[in-house]
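Engineer: Each chain is listed here by its residues.
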Amino acid sequence: MPLVGFTMEQIGIVSYGAHIPRYRIKAEVIAAIWGKDGQAISRGLGIFEKSVPSVDQDTATISVEAIRAALKRCTLNPTDIGAIYVGSESHPYAVKPTGTIVGEAIGATPDLMVADYEFACKAGTAAIQTCLGFVKAGMIDYGVAIGADTSQAAPGDALEYSASAGGAAFIIGKTNVIATINHTLSYTTDTPDFWRRAEMKYPSHGGRFTGEPAYFKHITNCATNLMTKAGTKPQDYTYAIFHQPNGKFPVNVAKKLGFTMDQIKQGLLVPYIGNTYSGASMIGLASVLDVAKPGDRIFMTSYGSGAGSDGFDMTVTNNITRLARQKAPTIAQLVADKEYVDYGTYAKMTNLLFWE
Amino acid sequence: MRDVAVIGVGLTKFGELWDKSFRQLIAEAGSKAILDAKIEGKDIDALYVGSMSSGRFVDQEHIGALVAEVSGFSQLHIPATRVEGACASGGLAVREGYLSIASGINDIVVVGGIEKMNDVGGSEATEILATASDQEWEAFFGATFPGIYAMIATRHMHEYGTTKEQLAQVAVKNHANGAFNPYAHYQSPISLESVLKATTVAYPLGLLDCSPVSDGAASLVLCATEKATKYTDKPVKIIGSGQASDTLALHGRRDICTLDATVYAAKMAYKQANLTPKDIDFAEVHDCFTIAEICAIEDLGFVEKGKGGKAIDNKITTLDGSLPVNTSGGLKAKGHPVGATGVAQIVELTMQLRGEAGKRQVQDAKIGLAHNVGGSGATCVIHIMEAM
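Protein chains in written order, with my numbering: chain C, 1 to 356; chain V, 1001 to 1388.
Simulated from the structure, these hints should not be mistaken for lab results.
Fair warning: there could be bad hints in the mix.
Taking lysine to aspartate or glutamate pairs in the DMTMM-like style, the calculated list, with each CA pair at most 25 Å apart, reads [unchecked claim]: (1) Lys1020(V) <-> Glu212(C); (2) Lys1038(V) <-> Asp1233(V); (3) Lys217(C) <-> Glu1028(V); (4) Lys217(C) <-> Glu1016(V); (5) Lys256(C) <-> Asp1019(V); (6) Lys293(C) <-> Asp236(C); (7) Lys256(C) <-> Glu1016(V); (8) Lys1197(V) <-> Asp37(C); (9) Lys1197(V) <-> Asp296(C); (10) Lys1267(V) <-> Glu1386(V); (11) Lys1230(V) <-> Glu1096(V); (12) Lys248(C) <-> Asp1019(V); (13) Lys1164(V) <-> Asp236(C); (14) Lys255(C) <-> Asp1019(V); (15) Lys72(C) <-> Glu104(C); (16) Lys217(C) <-> Asp1233(V); (17) Lys1020(V) <-> Glu1124(V); (18) Lys1013(V) <-> Glu212(C); (19) Lys1032(V) <-> Asp1003(V).
I would like the entire structure built from these sequences, with the hints used as guidance.
Structural biologist: Below, the structure written as structure tokens:
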């Protein structure tokens, strides 16, 4: 059976930007509230601290920050953008798009295609695939794919140590491409490892079921299929990025596939910012683009519960030297710019203290 | 009474078997045993299956008939019975099958044991397992099995000077054995340090002192010994079978460091086999927690009461010791799909006595003992087996 996907030529990323809220809470601070051993939890999850959105930050504001950073780096006008797709599992409204807020805020409306996406942690990479399709078809010159979240975790749940906030935006086009997307494909099944029903405040998950039959199965198959299609092997890549729900999973899946720590460390942010869900692998990609040189080959596999993985094989072009990368903060700078909060402040900012 | 032999065994891999259903596990273990015994459906006089809580783990009760159905025997209308005695359900199913042949009613019986535990989350599994404790006196007040066995352990430490290191060595030994068992849930050795440093579940028991939540199934074909050689060159005889009960709640016991059900069931089995503990070459004991193995080797009479910890220090129970215990990896490393455990113990004994245990083979194994416990010791069933 042929693998589902497209082969791209000279279409890819034109610019990129990201945003990570500057508040942080340490895993040990959360652990202390629940009478747990914070160091043991940090060791077990590979997460030391996570980002916390402020009271006035949500997926819409994070998306706007990310796309503004992307626009600062390039010479495009907002009106050049023909489509905006925002992937998130924490859209501020159940009914009313985030994408329209983002489009209006940057001045890209009204000649604009917009939709919000949801596919757990991979909605943003699905948006990249959509934009690729439109650009390849000639329906638009530039499309913006955003993955952003202010993810939720029930107080006391294991997710509370990881669920964080952040996002990244990628402008996809065929002019001044800084990284061509050579191949992309997806691997999708109906696997209910993690979900949140309508009207529910916090997500549910299948515990250990989220590992082997979910994350590992989908990423491994997607990555293997992608390398088969691209005719590549792990050693061909300068960098590899995997979805990062915690610090252990991406390291383990990388090793299993034959990638090294040297290949994945630039794109591995979860130990210091937590799991930004739809933002996670995309912030990892942004971090790689912060340092990438012409000729570098990048491998990325996202994962969204429910479940599916999107794989991307990319090559950095000479154009990256002409992109004004310094005009927006790097991921390293965003990670370093932080202020710690206590659990009470965290509870207030993430609306754990709510009443109806 | 007629003599009874095992003429076929079957096992699924134990572990987190996400891609196998309850039915598939039963069918796999059962068909392996039937093929091993080279019998056909029409040869089977009865089926017995042990499962602790299929109703709560996978919402399926009435599994006696289901076993017959998934084995493809529904048109044969074979009598099929489910047996329950918490974590001793499998051992009890073996005993029921054994008794039905020994009594002269049946000639060939298939026994199965199954539990599929990972379809519920970890905390729900703990809660379901706690239904084997006394609901009014233990579970209602929040007691779970790690807590109950932790009380046994702290008392054992207080009375006999047993140490946390000795407990940990039980897990280290069983993981070392499990590394040689291709059916085991965990097939890698662990260090003493990692057991001691593991997250505390209920002091003194850490995470690596506890058996895991596993999926798996095991199956046997039992046959009247006089007819066994018709089917196999290597029948293994059951020469002793014992069963005993005690209070469900730990506090009702004469001594919380002694599982009297083990003592009485052992007495019954040794008497029938006309053997003493010294005659046993190797044993599979119910190490749901590391302390349980220490109590077991004492209560089975292998060592004096209170000397179980010392026996671990002296390496008596390692694979090359004088009395290897849990050569399969035990519940700790092989895994503990509760209803399957008691049947899987007999599978291990059979493999050892046939000389088919590979890298974990006990040299010159002639007589083996299997010890299966329900709850914290309210039910115990013991079988002694001999190579023919």
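Engineer: Take the hints in turn and mark each one as holding or not.
Structural biologist: Evaluation of the provided hints:
1. Only pairs whose Cα atoms come within 25 Å are accepted, and Lys1020(V) paired with Glu212(C) is accepted, the gap being roughly 14 Å.
2. Proximity of Lys1038(V) to Asp1233(V) is assessed by CA-CA distance (about 11 Å); at most 25 Å being required, the pair is judged to hold.
3. For the hint pairing Lys217(C) with Glu1028(V), the CA-to-CA distance comes to about 23 Å; that is within 25 Å, so the pair holds.
4. A hinted pair counts as satisfied when its Cα atoms are at most 25 Å apart, and Lys217(C) with Glu1016(V) qualifies at roughly 14 Å.
5. For the hint linking Lys256(C) to Asp1019(V), the alpha-carbon distance of about 20 Å falls within 25 Å, and the restraint holds.
6. A distance of roughly 15 Å separates the Cα atoms of Lys293(C) and Asp236(C); the hinted pair therefore holds under the 25 Å criterion.
7. Of the pairs offered as hints, the one joining Lys256(C) and Glu1016(V) holds, with about 19 Å between alpha carbons and a cut-off of 25 Å not exceeded.
8. Distance check on the hinted pair: Lys1197(V) and Asp37(C) sit about 12 Å apart at the alpha-carbon level, within 25 Å; holds.
9. Only pairs whose Cα atoms come within 25 Å are accepted, and Lys1197(V) paired with Asp296(C) is rejected, the gap being roughly 42 Å.
10. Annotation: proposed proximity of Lys1267(V) to Glu1386(V) holds, straight-line Cα distance about 17 Å (limit 25 Å).
11. The hinted pair formed by Lys1230(V) and Glu1096(V) meets the criterion: a straight-line CA distance of about 23 Å does not exceed 25 Å.
12. In summary, the hint linking Lys248(C) to Asp1019(V) is supported, as the alpha carbons are separated by about 23 Å, within the 25 Å threshold.
13. A hinted pair counts as satisfied when its Cα atoms are at most 25 Å apart, and Lys1164(V) with Asp236(C) does not qualify at roughly 49 Å.
14. For a cut-off of 25 Å, the pair hint linking Lys255(C) to Asp1019(V) stands: about 23 Å separates their Cα positions.
15. Only pairs whose Cα atoms come within 25 Å are accepted, and Lys72(C) paired with Glu104(C) is accepted, the gap being roughly 17 Å.
16. With a C-alpha separation of about 43 Å, the suggested pair Lys217(C) and Asp1233(V) falls outside the 25 Å cut-off, and the hint is violated.
17. For the hint linking Lys1020(V) to Glu1124(V), the alpha-carbon distance of about 20 Å falls within 25 Å, and the restraint holds.
18. Pair hint Lys1013(V) plus Glu212(C) holds up; C-alpha atoms about 16 Å apart against a cutoff of 25 Å.
19. Straight-line distance between C-alpha atoms of Lys1032(V) and Asp1003(V) comes to about 24 Å, which keeps the hinted pair within the 25 Å bound.
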